[in-house]
Amino acid sequence: MLPVTAAALAVLAALLAWPVPALLGRARWPARDPLVALVCWQALGLAGGLSIIGALLVHGLAPWGHSLPEAWWSWVRGEAAGDPVRGDHWVTMTLAAVLAVELVGVLALSGYRTARTRRRHRELLELVVAPGAAPDTRLLEHPAPVAFCIPGARPLLVLSSGMVAELDEAELAAVVAHERAHLREHHHLYLLPFVAWEAALPVLPAAGRAHAAVRELVEMRADDVALPELDGTDPRRTLAQAIVAAAGRPGAEVPGGALAVTGGSVRARVVRLLEPPAPLTPAARAAALLGAGLLLLLPTALLLLPAL
Amino acid sequence: MASLGELERAVMDQLWSADGPVAATELRAGLADRGVALTTVHTVLTRLEQKGFVTHDEARPRRFTARASREDHAAELMHEVLGQAADRQAVLARFVGSVNEDEARMLRELLARG
Chain Z
0 MLPVTAAALA
10 VLAALLAWPV
20 PALLGRARWP
30 ARDPLVALVC
40 WQALGLAGGL
50 SIIGALLVHG
60 LAPWGHSLPE
70 AWWSWVRGEA
80 AGDPVRGDHW
90 VTMTLAAVLA
100 VELVGVLALS
110 GYRTARTRRR
120 HRELLELVVA
130 PGAAPDTRLL
140 EHPAPVAFCI
150 PGARPLLVLS
160 SGMVAELDEA
170 ELAAVVAHER
180 AHLREHHHLY
190 LLPFVAWEAA
200 LPVLPAAGRA
210 HAAVRELVEM
220 RADDVALPEL
230 DGTDPRRTLA
240 QAIVAAAGRP
250 GAEVPGGALA
260 VTGGSVRARV
270 VRLLEPPAPL
280 TPAARAAALL
290 GAGLLLLLPT
300 ALLLLPAL
Chain X
0 MASLGELERA
10 VMDQLWSADG
20 PVAATELRAG
30 LADRGVALTT
40 VHTVLTRLEQ
50 KGFVTHDEAR
60 PRRFTARASR
70 EDHAAELMHE
80 VLGQAADRQA
90 VLARFVGSVN
100 EDEARMLREL
110 LARG
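In order, the protein sequence lines correspond to chains Z and X.
Here the first sequence stands for residues 0 to 307, numbered as in numbering that gives the first Met the number 0.
Here the second sequence stands for residues 0 to 113, numbered as in numbering that gives the first Met the number 0.
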C-alpha cells in the first residue's frame, strides 16, 4: 500500500522540517563535538529533502504500483495505472518535480554564484595586494580587524592591517591556524547546501536555523583544529583573546545589521575556549553518528523497499 | 619571465600612478626592466579589461585607464566581506564577526575572569 509509505514519509518530513532541527539547534552537546554535529546536520538536511520530495512522489505515483521503483518504472513506460488516477495524484507529482528541480537548481545556482564571487574577490585581491612572505597570504590595508579566506583551487588567506595592528604575534598565529583549518577541511562545502536551501525555502524557519547552526559549528571546528598547532603555554586563551580583540573593535564601515547576528555565537566560541566542555564519550559519539545514519536510511528504505 | 599576475599588477600600478590615459607603448616602456613584448602588454591589458579593471578610449593608438583606484577596489572588497550581502557565504571564513558594544564588554569581562 503506497499511501501508507507516503504518509510515513510525510510524517518524517514534518518532523525534520521543524521539531528535529529545533531540538538539535538547542542541544548543548554539539559544542562538545562540532564535527559529529556537522555530520548530523548534513544527514538531517538530506533526509528532510528526501522525505518531502519522496512523500509527494510516492503519493502521486501510488496508482501505478505497489513500490516506488515499480510504480515509477510503470509510469515511465506509459502503462495504464492499476487504480484510478485522481487530480491530487497529478498535483503531488507536479509538486515533487517542482520541489526537486528547485532544490537542485538553487544548489547549483548558489554554487555557481559563490564560485563567481570568489573568483572576483581573488582577482581583486591579486590586483590590489602584492603577495606577502607566504604566497597564499595577503595583507589588505584596512583599519577594521578582519581575517578571512577565499576557498578554492588556489585558496587565499587575507589579513587586514587593522588585524595585524590589533593582535600580537601569538594571536595572529592563532587566527591564521583557524583560517587554514577552514581551508584544509573544506568547510565551505559543509555550508553550501544550507545556504542554498535557506534561499530555496525562505518560509521554512528550520532552514535558517540550520544554516546558522552549521555556520557556528564550522567556526568551533576550526578553533578545535587550530589549537594543537599553536605554540605557547595556553593556546586556548590566546585564541580566545584573538577572537575578543577582533570582534570588539569594529572598523568604521561595519554595517549595523551585521552586529547582533554574530554576538551570541562569538560568545559561545569564547566560553567554549576558556572553559572547555568535556568531549563526547565514544559511546555518545557513536550514538550520534548512528542516529545520523539511521536518519538517512529511514527515508531511503521507505522509498526503495516494497510498500508497507 | 614574470607571471601574468605580476605583470597585471605592474600594469595596474602604472595606470594608477599615471595622470591620464596611457598608451600600450608607454606601458611597455615602463616595464622595460622586465623585457616584455608589446603583444604581452596587450594580452595583459585585454585580460584586465575582461576582468573589468581597465577601459580604453577610441583614440589611435588606444589609451588605457584604470576604472577605479586601488583604494576603491580595496574598499569594494572590504565592503563585501564586512557586509551582510546575499552572497556573504562566498567569503566563508571571516575569522569573527563584529559584535556590539555591550557584547564586546561582556566578552572582555569573560576573558578577564578566566
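If you are wondering where the hints come from, they were derived from the structure by calculation, not from laboratory data.
Hints should not be assumed to be uniformly reliable.
Cβ pair distances, simulated, as ranges [stated by the list, open to error]:
#	chain 1	residue 1	chain 2	residue 2	range
1	Z	P227	X	R61	49 to 57 Å
2	Z	L289	X	E5	27 to 35 Å
3	X	S68	Z	P227	51 to 59 Å
4	X	E5	Z	L303	54 to 62 Å
5	Z	T299	X	E48	21 to 29 Å
Where is the CB? At the ideal position from N, CA and C, for every residue including glycine.
Item to check | Pairwise beta carbon distance, E5 (chain X) to L303 (chain Z), judged against the given window 54 to 62 Å | outcome: holds, 56 Å
Checklist entry - Quick one: are L289 (chain Z) and E5 (chain X) within 27 to 35 Å, going by C-beta? => result violated, 53 Å
Checklist entry - In this structure, is the beta-carbon distance linking S68 (chain X) and P227 (chain Z) contained in 51 to 59 Å? => result violated, 43 Å
Checklist entry - Given a hinted range of 49 to 57 Å, is it respected by the beta-carbon distance of P227 (chain Z) and R61 (chain X)? => result This hint holds: roughly 56 Å between Cβ atoms.
Next on the checklist: Given a hint of 21 to 29 Å, does the C-beta separation of T299 (chain Z) and E48 (chain X) actually sit inside it?
Outcome noted: Because 51 Å falls outside the window, the suggested range is violated.
Checked against the numbered hints listed earlier, the structure breaks hints 2, 3 and 5; every other hint is satisfied.
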